[in-house]
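Chains as they are written, first to last, in the working numbering: chain A, 11 to 187; chain B, 13 to 218.
Just so you know, the hints here were simulated from the structure itself, not pulled from any lab data.
Please read all numbers here as calculations on a predicted model, not as lab measurements.
We put the beta carbon where it would ideally sit given N, CA and C, even for glycine.
One or more of the hints may lead you astray.
[What the hints assert, rightly or not] Covered stretches of chain B (in silico footprint by chain A; criterion: 3 or more residues with CB under 8 Å from a CB of chain A, positions within the stretch not fixed):
(1) 16-25
(2) 36-42
(3) 191-200
What follows is each chain in one-letter form.
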Amino acid sequence: MFQQLMQAISLWALPVILLLILTVGLCKKVPLYETFTDGAKDGFKVSVNIIPYLVAIIVAISMLRASGLIEMTGHALAPILHLFNIPVDTIPIMIVRSLSGSAALGVFSDIAHTLGPDDYATKLAAIMVGSSETTFYVLAVYFGAVGISKLRYALVVGLIADFIGIVAAISVCNLMF
Amino acid sequence: MNYIFYFLIVISIIAGAINGKLTDVVNAILSGAELSVKVAFSLIGIMAFWLGMMKIAEKSGLVALIAKIIKPITKHLFKGVPEESPAIGDIAMNFSANALGLANAATPIGIKAMEELQKLNKDKSSASNAMCMLLAMNTAGFQLIPATVIAVLIGIGYKNPTEIIAPTLLVTSITFLSAITLAKIFEKFWEPQQVISDERENNENK
Numbered sequence: 011m012f013q014q015l016m017q018a019i020s021l022w023a024l025p026v027i028l029l030l031i032l033t034v035g036l037c038k039k040v041p042l043y044e045t046f047t048d049g050a051k052d053g054f055k056v057s058v059n060i061i062p063y064l065v066a067i068i069v070a071i072s073m074l075r076a077s078g079l080i081e082m083t084g085h086a087l088a089p090i091l092h093l094f095n096i097p098v099d100t101i102p103i104m105i106v107r108s109l110s111g112s113a114a115l116g117v118f119s120d121i122a123h124t125l126g127p128d129d130y131a132t133k134l135a136a137i138m139v140g141s142s143e144t145t146f147y148v149l150a151v152y153f154g155a156v157g158i159s160k161l162r163y164a165l166v167v168g169l170i171a172d173f174i175g176i177v178a179a180i181s182v183c184n185l186m187f
Numbered sequence: 013m014n015y016i017f018y019f020l021i022v023i024s025i026i027a028g029a030i031n032g033k034l035t036d037v038v039n040a041i042l043s044g045a046e047l048s049v050k051v052a053f054s055l056i057g058i059m060a061f062w063l064g065m066m067k068i069a070e071k072s073g074l075v076a077l078i079a080k081i082i083k084p085i086t087k088h089l090f091k092g093v094p095e096e097s098p099a100i101g102d103i104a105m106n107f108s109a110n111a112l113g114l115a116n117a118a119t120p121i122g123i124k125a126m127e128e129l130q131k132l133n134k135d136k137s138s139a140s141n142a143m144c145m146l147l148a149m150n151t152a153g154f155q156l157i158p159a160t161v162i163a164v165l166i167g168i169g170y171k172n173p174t175e176i177i178a179p180t181l182l183v184t185s186i187t188f189l190s191a192i193t194l195a196k197i198f199e200k201f202w203e204p205q206q207v208i209s210d211e212r213e214n215n216e217n218k
């Protein structure tokens, strides 16, 4: 029942939003086609504006991932995390999830396929990946689009929240599984 | 950010040298640069689509209506953003799209919200408090259903993949609330934005 409801929400969310926007627009006599194309014009400009910011962030993070530092940090942290009963396999996810969404998902798929559905690490990894967003990417895209280069406290807040998220994931997973 | 950018690159080169992976690090520059352009270009179409839709929603008064409904909450979170600014409605739509897992819609709408906030921003090169709050909401990544993760779990034959929803929702809510609270706390203690006169701003841009 719950599962079906969730699937229905996933399936219908987008169509319902579109129907709502267009129907309200029509009722209010908004010229739909002209207004749409007028708004859509900016799509190219905004996307291109983001490029310099994305290049800075994505190149730096690609270099970091290629350098093997993430694995090194993982090895260094392993004994400490072992004390808290945290599986070593999930360490790369904790490090990488703020940096690269596709990498975090990749590590998660890897854990899921090698350790299988019943392993604690699979569940913990699933919760950590499912509850996070790639902080650096969001930062580059959202601030890049409007040309903000002085972040003030935005990154600090994002990273502390990510850390709280990791701690929360470990605690919740410990309690439930 | 200057230091982080420097740190990320320097430490990659040092770690690459230690691990004997310097070639990989150098190759990563090219692949990373390519990936950035790919990501940006893949956004163009969907960005145009949602910016078009949002324009309709804005003109029909739908965005203003949503803004009115959530006013009691946003009033506290986004102090200094006037009620009549379309930013509030956009922020609400951005949050809803994120919550429903519609990342393709959430990003363009969030960027539009950022643009509206930028119009109100006193110093165009630095992030206003409202912008930091919007970013905090987005980096926390609140969503009701972790669809991608569930898909992977189904793929490996996980018997009851939906059992992951409740704990994930709990964690994502904790993260989201912490992010908002942190943004509010930092807002008070961080050095306020400097109001730069137009002349100085122009010079800096050169």
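Ascending list of hint numbers which this structure does not respect
none
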